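**Student:** Here's the letter readout for the chains.
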Amino acid sequence: MGASMGFPARLAAFLAVVVLVSTLAMTALWTQGQHRRLHAAVASHAGFVLGEIKTALETRLNLGLALADLPQVQPLLDGARGAMPAVLSVAVLDEDGAVVFSSSPVEVGERLAGLPADTGAVWAQERGGEWLYGIGLTTSFDTSAGQIVLRVSGDVAVEPTRTFALKLGIGGLLLAVPVILLAGAAGLRLTRGPRRSVEAVAETLESLTRDADPYALGDVPDAPLPAFAGAVRARLALLAEAERDVSRLDEMA
Amino acid sequence: MTAIVPTRRFTLGIAGTAAGAALLAMAGVGVLGTLAAEEQLAEARLAKAAAVGHAVQRDLHRALGHGIPLDRVEGMTAYLQGIAERNPDLHRLAVTAADGRTLHAAGPGAAEGPSAVRLPLQAGSAPGSAVVGHLLVAVDPGAARAQIAGELMGVVLGAAALLLLVAELAGALVQAAVRSPLGRLERALAAGAAGDFGTLLGRRPRDQVGRALLAFNAAVFHLHERRQRFAAHAEEVRGAVFDPGIAEQVEQTRARALERLGDGGAAAPRRVADPRPGDARAYAALLSAALVSGCLGSLDAAIGLAALFGLAVGWSVPSSWTRIDTALAAVALGAAALLGAGPMVGAAGAVGLAVAARYARAAGEDAPSILRPILTGALAALLWSAARGTPGAAVEAAVLAAAALPAVLPLVRRP
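Taken in order, these protein sequences are the chains called H and G.
The numbering used here applies: residue 1 is where the first sequence begins, and numbers increase by one.
The numbering used here applies: residue 1001 is where the second sequence begins, and numbers increase by one.
If you are wondering where the hints come from, they were derived from the structure by calculation, not from laboratory data.
Quick caveat, the model's predicted, so the values are computed rather than measured.
Treat the hints loosely; a few may be bogus.
[What the hints assert, rightly or not] Here are some chain G residues pointing at chain H (derived, C-beta under 7 Å):
id: 1; residue: I1004
id: 2; residue: F1010
id: 3; residue: L1012
id: 4; residue: G1028
id: 5; residue: V1117
id: 6; residue: D1207
id: 7; residue: H1222
id: 8; residue: G1245
Glycine included, C-beta positions come from ideal geometry on N, C-alpha and C.
Take the sequences, apply the hints, and build the full model.
**Tutor:** Given below as structure tokens:
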């Protein structure tokens, strides 16, 4: 592959690859960062929604009612869905992980196993392409009464991230074109000096087979080229002289 | 007068140009990324601000429904303060009267501006009730940029990883394409100046360097051809003349000329296979980066043992297998990384690195010259992994291993 391309072409190709790879790598890095930031924004939004429900439910729990007997929970959960359109469902779980209330009626009675323990803070867990955000419910006696779990579509950050990646990728590639041209011009300018020097070497060596003056070219590179050219020319002169002698002897005979 | 082989400054210049181009491209992506990220994050924050606003609006409507005027709602400022403290990404919450006066407020910023949600507060629940004020929830317009700036270290580490690899590969390119062949030409010229014309230089692309090597070969071959022609002509004349005296003189002229020409041009010049030690550098840097990327997430004793086994195998295979070995090692490493087969990643990568190191050593390269690209590749992989925050990135390992494949082609190329 490399054998068919000269150095300037290889350098230009290398610089183009470097710029394209750098653009794509940075796009990937920024996209990953943006995905993380968008997730944090979604988590923050979910945290607020969960906090609102928690406050409302704990106020009612503090009246001494059991979790399953709390009134007006369904409108609260439906309102929470309205506060965050990406939410698939909001569920209130009892201490055993069984869904007691949910904005999606089919979930009521289901048991959600493997949820993180209640630490008093909002937790997040990825499960089956969805994100679960949750927070514990505490009674006024500091005992756990269950959890509130928000189910959010996994696409909530994926779709904006994809849009971001596409936007950045296209913009980056458009920017890459002038950078490639600029780098190519700078690279070729850098190679100009060595190219001239090597051209002078080539012309000096080519002149040895043409019986021309190797030093008529001006800027000829330093040793060992003059010594080599001298050695070759001396040998060629010696051979020419010996050939003349042999021809003379041939004619004499 | 100038030197035939470009100085190290030329190599540094090319490496600097490549690194500068990469930096420029990365900076451009960074600016675009910051602008696009700010726009998206502002939307996400405003969505949360709207949710907060609707929740507060609901509570205020309840108070207004009981006939309590907005400026008389007890504990309103403390309530808003509590929300602002629990949601530090909210810059300002404020309740204003119908004439725009601020009645209650919390948070350090201003409530007006493009990054704020403004919701009407109505006296009654019936549609068309009089608007008695507004609720404003604002997010900090500079918060997204501050968040991005706080996470810039990851981008800087990723950029450093790329720049390290780019500089190493640029150095390897200049070494393989310019410095190495011109160094060989310089040595061959010195040998010729000392009377040794027995070497022809290897094939090169038809660029300036290739033209110079071709011209050298032509000069050497021309000298050899002239010598052969003269010897043959003298031999022919000596055999053709009847006068023994002249035949003797021809023989003496021939012997004297050949003696003065020396032994250096007696044998036909041979094209000598050139080991080209610099060719292994790009391969070693890329494969080392792939190996470290592929192993980082699951480094254990099994991978260590597999790597040791790979080193032993790579060091002991016949040198004629170099090209096939290195190609197979790169393909196996890429495939193993994608499949998540840690020990196979270690073994394949170690085989490739051992073959490259042995090749460079056999070609007369000193240890630092091959160790440097290996360490550069490993360091670049570590920096990239730190930037991503995810060790053991399979895709990166596979891509780097695939990128190492073209670098295999120059290894042990026939002269």
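**Student:** Could you work out which of the previously given hints the structure breaks and list their numbers from low to high?
**Tutor:** 3, 5 and 8
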